[in-house]
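Protein sequences, first through last, are from chains A and B.
Just so we're aligned, residue 491 is where the first sequence starts under our numbering, counting upward by one.
Just so we're aligned, residue 4 is where the second sequence starts under our numbering, counting upward by one.
It should be emphasised that the hints constitute simulated quantities derived from the structure, not laboratory data.
Being a predicted model, the structure only gives us computed values, none of them experimental.
Honestly, I wouldn't trust all of these hints.
Computed cross-link-like contacts, BS3-like style, restricted to lysine-lysine with a CA-CA straight-line distance of at most 27 Å [what the hints assert, rightly or not]:
#	chain 1	residue 1	chain 2	residue 2
1	B	K159	B	K91
2	B	K91	B	K73
3	B	K75	B	K113
4	B	K113	A	K505
5	B	K159	B	K113
6	B	K159	A	K505
Each chain is listed here by its residues.
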Amino acid sequence: MTPERWADLERIFQKALDAPPDDRETLIAAECRGDSELGREVRALIEQAALAGDRLDEVVQGSAKSFSARQPGVPETVGPYRILEPLGRAEWVPCIAPRVPMACTINMSR
Amino acid sequence: MPLIYEELHRLARGYLRSERDGHTLQPTALINEAYVRLAQQSMPDWQGRAHFIGVTAQVMRQVLVDYSRKHKAAKRGSGARPLDLSEKRVTDERANAMIALDDALASLEKVDPSKARIIELRHFGGLTGQEIACVMNISTASVTREMRMAEAWLAKELGGAS
Chain A
491 MTPERWADLE
501 RIFQKALDAP
511 PDDRETLIAA
521 ECRGDSELGR
531 EVRALIEQAA
541 LAGDRLDEVV
551 QGSAKSFSAR
561 QPGVPETVGP
571 YRILEPLGRA
581 EWVPCIAPRV
591 PMACTINMSR
Chain B
4 MPLIYEELHR
14 LARGYLRSER
24 DGHTLQPTAL
34 INEAYVRLAQ
44 QSMPDWQGRA
54 HFIGVTAQVM
64 RQVLVDYSRK
74 HKAAKRGSGA
84 RPLDLSEKRV
94 TDERANAMIA
104 LDDALASLEK
114 VDPSKARIIE
124 LRHFGGLTGQ
134 EIACVMNIST
144 ASVTREMRMA
154 EAWLAKELGG
164 AS
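Extracted from the complex, chain B is given alone in its bound form:
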């Protein structure tokens, strides 16, 4: 279990890395939420790190989407600490963008599930093209081509969502 926790740590730190902000947020809340959700699943027999990252990528996506939808639904009277105006604007924009990305990914899953999986592994699981190729049993060149199509389509669907 500690190994899983360390892997989640690596992933969450990658998400929260911020050169522009000049500081890094603590990843523990995100890690713990993902960990608890993973523990609630009937623990599969992990077939190596790549398999674990594949499942973790789905869990991380779900954590962030659930949080974004909850934030959007509970704008008023949520009982949470009130946000100042600029903080609120940024949080609202991020929630809207995450929901838009999740919706677009769900559409992509219907028309081309393999590309949706590649995006999940790359952007929610932090895997390299080579690692994705191993997980999906396809060539690295195929991953590169599928990914560029999927990323361009998703970015187009996101449009002005920010």
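If we strip away everything but chain A, and leave its shape as in the complex, we get:
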């Protein structure tokens, strides 16, 4: 899409969305001046507008859920110790720093 086309699309989309729903069709027809493809694109965007944010959240959250369900888990606590942060990774094995008086690491493969 050219920058000019994108600018037209956004200008008409924003204008139409600000207008009362009953006036949108007239406005789009007037603004698109016979460019039926542009009109079709604006209408498609308006159709998505209300639920678009939720749709994107759904994609990101769904992906995060799949990731978390399929990865080897690292516990939040080990015995009486709470995991503070990972220190690095050896191959695919995370190393973590527990909250203990002395610095040490736990190799999560054991």
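With chain A fixed as given, assemble chain B onto it according to the hints.
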């Protein structure tokens, strides 16, 4: 460093919040992956929380996209635990949708980078409109208008990807 880890925790918990499932997955694997990637970068001098979230949003996006592409590429003989049919269908659909979103975002970055950045901060970084306005040094009203255009366009591009 523990502060960074706590911020990642907040972000990952937001992703994994699920009222419908009735349970919440453990966020530690996602947090650790993002943390290790952040640590591998030459640590910039963080200019406050917003700057950190900006970088983290990019890292989280990359973690999820890499995972989705790897899942799609390794459908056979990956050595991972086999999925049952309904689990497989859901995982495949989520991977396809994430890849479609990443591709659409890459297209948006070419035509309107500012809108792509807003989407990344909102949906991968979990920032509010007001916080995004601060990060990008624009008004909250501008964020609202740019975001509604970007979200509508991306949702249209996603189409049937589910």
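Starting from the hint list further up, note which numbers the structure goes against and sort them upward. none
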